[in-house]
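Residue-level listing of the chains:
There are 2 protein chains.
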Amino acid sequence: MNGAENLVHTLLAGDVDVCFTNPGTSEMHFVAALDRIDGMRCVLGLFEGVVTGAADGYWRIARKPASTLLHLGPGLANGLANLHNARKARSGIVNVVGEHASYHVALDAPLTSDIEGVARPMSHWVQTSASADAITADGAQAIIEANKAPGRISTLVLPADTAWNEVADPQAAERARADLRTRIAQASLAEKVSNEAVKAAAKELVSGDPAVLLVGGEGLSAKALEIAGRIAAKTGCKVMSEFYTAKLARGAGRVLAPRLPYAVDPSLAALAPFKRIVMVGARRPVAFFAYPDKPSLFAPEGSVLTQLADYHHDLEHALQSLADELGAGSLAPAGIAQRSAGDTLPTGAPTPEGIAAVLTALIPENAIVVDEAVTTGRAFGPLTAGSAPHDWLTGMGGAIGFAMPTAVGAGIAAPDRRVVVLEGDGSGMYNPQALWTMAREGVNATVVIFANHQYRILRGELSGVGAGTAGPKAAQMLDLDRPELDWVSMSRGMGVPATRATDLSEFAAQFKASVATPGPSLIELVI
Amino acid sequence: MNGAENLVHTLLAGDVDVCFTNPGTSEMHFVAALDRIDGMRCVLGLFEGVVTGAADGYWRIARKPASTLLHLGPGLANGLANLHNARKARSGIVNVVGEHASYHVALDAPLTSDIEGVARPMSHWVQTSASADAITADGAQAIIEANKAPGRISTLVLPADTAWNEVADPQAAERARADLRTRIAQASLAEKVSNEAVKAAAKELVSGDPAVLLVGGEGLSAKALEIAGRIAAKTGCKVMSEFYTAKLARGAGRVLAPRLPYAVDPSLAALAPFKRIVMVGARRPVAFFAYPDKPSLFAPEGSVLTQLADYHHDLEHALQSLADELGAGSLAPAGIAQRSAGDTLPTGAPTPEGIAAVLTALIPENAIVVDEAVTTGRAFGPLTAGSAPHDWLTGMGGAIGFAMPTAVGAGIAAPDRRVVVLEGDGSGMYNPQALWTMAREGVNATVVIFANHQYRILRGELSGVGAGTAGPKAAQMLDLDRPELDWVSMSRGMGVPATRATDLSEFAAQFKASVATPGPSLIELVI
Numbered sequence: 001m002n003g004a005e006n007l008v009h010t011l012l013a014g015d016v017d018v019c020f021t022n023p024g025t026s027e028m029h030f031v032a033a034l035d036r037i038d039g040m041r042c043v044l045g046l047f048e049g050v051v052t053g054a055a056d057g058y059w060r061i062a063r064k065p066a067s068t069l070l071h072l073g074p075g076l077a078n079g080l081a082n083l084h085n086a087r088k089a090r091s092g093i094v095n096v097v098g099e100h101a102s103y104h105v106a107l108d109a110p111l112t113s114d115i116e117g118v119a120r121p122m123s124h125w126v127q128t129s130a131s132a133d134a135i136t137a138d139g140a141q142a143i144i145e146a147n148k149a150p151g152r153i154s155t156l157v158l159p160a161d162t163a164w165n166e167v168a169d170p171q172a173a174e175r176a177r178a179d180l181r182t183r184i185a186q187a188s189l190a191e192k193v194s195n196e197a198v199k200a201a202a203k204e205l206v207s208g209d210p211a212v213l214l215v216g217g218e219g220l221s222a223k224a225l226e227i228a229g230r231i232a233a234k235t236g237c238k239v240m241s242e243f244y245t246a247k248l249a250r251g252a253g254r255v256l257a258p259r260l261p262y263a264v265d266p267s268l269a270a271l272a273p274f275k276r277i278v279m280v281g282a283r284r285p286v287a288f289f290a291y292p293d294k295p296s297l298f299a300p301e302g303s304v305l306t307q308l309a310d311y312h313h314d315l316e317h318a319l320q321s322l323a324d325e326l327g328a329g330s331l332a333p334a335g336i337a338q339r340s341a342g343d344t345l346p347t348g349a350p351t352p353e354g355i356a357a358v359l360t361a362l363i364p365e366n367a368i369v370v371d372e373a374v375t376t377g378r379a380f381g382p383l384t385a386g387s388a389p390h391d392w393l394t395g396m397g398g399a400i401g402f403a404m405p406t407a408v409g410a411g412i413a414a415p416d417r418r419v420v421v422l423e424g425d426g427s428g429m430y431n432p433q434a435l436w437t438m439a440r441e442g443v444n445a446t447v448v449i450f451a452n453h454q455y456r457i458l459r460g461e462l463s464g465v466g467a468g469t470a471g472p473k474a475a476q477m478l479d480l481d482r483p484e485l486d487w488v489s490m491s492r493g494m495g496v497p498a499t500r501a502t503d504l505s506e507f508a509a510q511f512k513a514s515v516a517t518p519g520p521s522l523i524e525l526v527i
Numbered sequence: 001m002n003g004a005e006n007l008v009h010t011l012l013a014g015d016v017d018v019c020f021t022n023p024g025t026s027e028m029h030f031v032a033a034l035d036r037i038d039g040m041r042c043v044l045g046l047f048e049g050v051v052t053g054a055a056d057g058y059w060r061i062a063r064k065p066a067s068t069l070l071h072l073g074p075g076l077a078n079g080l081a082n083l084h085n086a087r088k089a090r091s092g093i094v095n096v097v098g099e100h101a102s103y104h105v106a107l108d109a110p111l112t113s114d115i116e117g118v119a120r121p122m123s124h125w126v127q128t129s130a131s132a133d134a135i136t137a138d139g140a141q142a143i144i145e146a147n148k149a150p151g152r153i154s155t156l157v158l159p160a161d162t163a164w165n166e167v168a169d170p171q172a173a174e175r176a177r178a179d180l181r182t183r184i185a186q187a188s189l190a191e192k193v194s195n196e197a198v199k200a201a202a203k204e205l206v207s208g209d210p211a212v213l214l215v216g217g218e219g220l221s222a223k224a225l226e227i228a229g230r231i232a233a234k235t236g237c238k239v240m241s242e243f244y245t246a247k248l249a250r251g252a253g254r255v256l257a258p259r260l261p262y263a264v265d266p267s268l269a270a271l272a273p274f275k276r277i278v279m280v281g282a283r284r285p286v287a288f289f290a291y292p293d294k295p296s297l298f299a300p301e302g303s304v305l306t307q308l309a310d311y312h313h314d315l316e317h318a319l320q321s322l323a324d325e326l327g328a329g330s331l332a333p334a335g336i337a338q339r340s341a342g343d344t345l346p347t348g349a350p351t352p353e354g355i356a357a358v359l360t361a362l363i364p365e366n367a368i369v370v371d372e373a374v375t376t377g378r379a380f381g382p383l384t385a386g387s388a389p390h391d392w393l394t395g396m397g398g399a400i401g402f403a404m405p406t407a408v409g410a411g412i413a414a415p416d417r418r419v420v421v422l423e424g425d426g427s428g429m430y431n432p433q434a435l436w437t438m439a440r441e442g443v444n445a446t447v448v449i450f451a452n453h454q455y456r457i458l459r460g461e462l463s464g465v466g467a468g469t470a471g472p473k474a475a476q477m478l479d480l481d482r483p484e485l486d487w488v489s490m491s492r493g494m495g496v497p498a499t500r501a502t503d504l505s506e507f508a509a510q511f512k513a514s515v516a517t518p519g520p521s522l523i524e525l526v527i
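Protein chains in written order, with this note's numbering: chain A, 1 to 527; chain C, 1 to 527.
Just so you know, the hints here were simulated from the structure itself, not pulled from any lab data.
Any given hint could turn out to be false.
Because identical chains cannot be distinguished in the list, a pair is counted as satisfied if it fits within a single copy or across any two copies.
[Unchecked claim] Here are the simulated SDA-like pairs of lysine to any residue, each with C-alpha atoms no more than 20 Å apart in a straight line: (1) Lys294 / Ala172; (2) Lys234 / Phe274; (3) Lys223 / Ala513; (4) Lys512 / Asn195; (5) Lys234 / Leu12; (6) Lys192 / Ala272; (7) Lys275 / Ala106; (8) Lys234 / Asp15; (9) Lys148 / Arg378; (10) Lys64 / Leu268; (11) Lys192 / Glu226; (12) Lys192 / Gly335; (13) Lys238 / Ala222.
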């Protein structure tokens, strides 16, 4: 057993059985080990942003970490933006990054770089393994760290000689792995909130002032939101979600937790009515960006912010404790969304409202919606509340290019669920290589590209920051025409069948066909 | 004048007049400033790897830095791999990275990350600007650092409020810029080698032992190589180039400096005859990767390595001093390559030799060849030595995905020269978005994709590292079929006309047509 095989055995012992990968020479022993050891599903991405984004999506759905396999500093660097998103989503990931043989590093060969330095800004835990035997403990620790509640990024750097050297004491490695799942289970246990915190939150909700329960993280599961709905039934409080949601359970039959809006003014308006804000797995609401002469904090002046629980707490337990404290345990939840799809589908030009109506009618039950439609989709939240029940995933770190990679991982975690990707044509161009992996792995994905041929969000932001309207040079940096991107061609070029829709009837027909057909397909909806 | 305008004025004062960009909200004031101030050419990339790779290519041809404009930590992260390549190529680049308003950072909004931490591994100089007035000095220093011989990566982080605040003392800013070009000129002066170093190198070359002049960096210009050729004529030494070359002047009429091979065994063989190795802008030759039971160092046992000059020295001066010391100044250079294109173009299946013959015949005079054909192209070096004179650029840091972005920057630096990209289908998938920028900017590029539908290099590396041959799972990570990439579709989808060639006749005809047609086009050559 060499070091690479030791790592694969350790990963499998720690229930890490999917590896998203873009390997190079320094990872060849790991690749060879995967040939010899059963149990690891290997998924190739043609760019590392696909690899790390897929691992994020996998965690969000499977609730256990996947591993990645990345090629030295630059390979890790290419995956860093989606690791940033995963970190902010509090997803657990075990990165394995190949490194030169330890004696080769000092020679400063071309690919040499400070891998730990590259890893650190987006990792909670970084370690370089010193020997084939040390991999047992290092690998185990990497998995434990990734599983720590609510979920963390660990990065294990694997020098090539550490991978190819023989393990001196394979029995010791076996023994060390024996209790790994127990240790992981302990690490992943979320902390319980204190009785004091529960009582303080309850006091806020019965103060008589208008109150909102602002929920994030694991508090957005269907079960947790149902408890929130009972609390709302008892106290009259409103239930809301943070704008960015790693996984928000929504749709008909579920307690509706409207997301805070993206922009400053609507967010201020949404929170204006409330004097008491109780945060459950959420942080105090802040603006995505600062703007001159606009506040960065959204809570109304004079309002009281109370934190019942932070991200790392057991949020279902926190909500249940609060419900029990309030005597809300047996009430029917308030605010349950009703199915709102009309009998007829809209037709005509593809307005946001019309698109939302099509989605509401056609999103399949139990779908996973991955939303990166940063302008076209901004209004979809309220408009699609009456869809069949589904999960809604957004890019938690704001780094563009998360949706298609995340969809790969989500689809691999749940092959029986349809993944619906809502993607801008600008944001889609960051990691389009994900389409190829969708095709190869037969991911059941319906990818909708909203083709407005510009960074439309930035046109708004330009005036939003007080920089005026776009002159010719600014326009050149905000428009994606000249040439127009042809997503149908690009998608077919990567093996994903694609169609183009120019009105709502075409869109509805193509969407209906896509969700009924196994494997991926793409719809370019021309806006 | 706000801080953003102050920075644009400073960049222009420092002769930085091209900005490769992928902006976001935090950069909108900079974008607006570009609208109001004349003189900066702005080039949009749809992914940041394109942006930084283009800046690398721009430096290599223009020999002055471009600026980049990147969106916070994740935008910088996406450009990091090509910054790694640029750093190893010793290219000068001024990165401008937007950051949240300084008072907004502590709120931990989604896009918040440790930007300086992300920048540091690939930058020589990193600074966050503290105020609109401080930008004058910080921007000037960023440009000076980028110009320091031989060329460096500087990264200036620009908080949004620093950009939008008014400059308190605009006259002081103007005054501070007055001597900027002088200061830059001083910083960019390369150090001269000492007389002692020259004498020591000369002694090696006349020792009577077989000797090689191993040249890198600026020593690979046509003029510097001509001097090396005179030295060879005088001493009988061989002239060779490092394997990786930022810009190697080659082709008919130029002194041939064969590149060291990529792989270990051929490199050992190439250096085996020599007892004396004199390095001029080169470092001691080392293996790209370590392999079990193979040496990492290529110099034959018992050989003597002497460094005449390092990268940062004035290499033309070093070679001229050596030639003068040897009394070689007036000799005719030895080893001048002859034009070797045959009268008839080869036909039939696309072998490496046949492809090289087509290239030799058809590479236009003064072309810029950007080579990332990591397997198909490995033999091209010797076979294309008799092409018309041209420059040959390779990825200095070994991070895949450099060629198409670098071609964008090279083409913008030299619009009158044809850029020929030799690209693998694997490596091409890292930054394919560069095609769109080529189309938009009308870059005169001929992009050849060698479509072997696998990471062929890794099949060799798998056995090379002693990991055996690929089983089914390894094969799944090394093959790019299922589905096959269709580069013609992808290219057209990004606005670049494309054709497919399956034999040498088609390839030659399509190549001939491409180089004769303004703007970019792509040829998928099926191997």
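Against the structure, the hints come out as follows:
Within a single copy, Lys294 and Ala172 get their C-alpha atoms no closer than 60 Å, and across copies no closer than 30 Å, so neither meets the 20 Å cut-off. Taking the shortest alpha-carbon separations for Lys234 and Phe274, only the intra-copy value of 17 Å comes in at or below 20 Å, while the best inter-copy value is 88 Å. Taking identical chains as interchangeable, the C-alpha atoms of Lys223 and Ala513 are never at most 20 Å apart, the minima being 32 Å within one chain and 64 Å between chains. For the homomeric pair Lys512 and Asn195, neither the shortest alpha-carbon distance inside one copy (49 Å) nor that between copies (78 Å) is at most 20 Å.
Proximity of Lys234 and Leu12 under a CA criterion of 20 Å is satisfied in neither setting, with 46 Å inside one chain copy and 64 Å between copies. Neither within a single protomer nor between protomers do Lys192 and Ala272 lie at most 20 Å apart by alpha-carbon distance, with minima of 31 Å and 68 Å respectively. Proximity of Lys275 and Ala106 under a CA criterion of 20 Å is satisfied in neither setting, with 60 Å inside one chain copy and 24 Å between copies. For the identical chains of this complex, Lys234 and Asp15 are neighbours neither inside a copy (41 Å) nor across copies (67 Å), given an alpha-carbon limit of 20 Å.
In this homomeric assembly, Lys148 and Arg378 never come within 20 Å of each other (Cα to Cα): the closest approach is 33 Å inside a single copy and 46 Å across copies. For a Cα distance limit of 20 Å, the shortest separation of Lys64 from Leu268 qualifies neither inside one copy, at 36 Å, nor across copies, at 47 Å. When the C-alpha separation of Lys192 and Glu226 is checked against a cutoff of 20 Å, the pair qualifies only within one copy, where the shortest distance is 19 Å, while the shortest distance between copies is 75 Å. Proximity of Lys192 to Gly335 under the C-alpha cut-off of 20 Å is found in neither arrangement, the shortest distances being 27 Å within a copy and 77 Å between copies.
Taking CA atoms no more than 20 Å apart as the test, Lys238 paired with Ala222 passes inside one copy only; the shortest distance there is 16 Å, against 74 Å between copies.
In this structure, the hints that do not hold are numbers 1, 3, 4, 5, 6, 7, 8, 9, 10, 12, in rising order.
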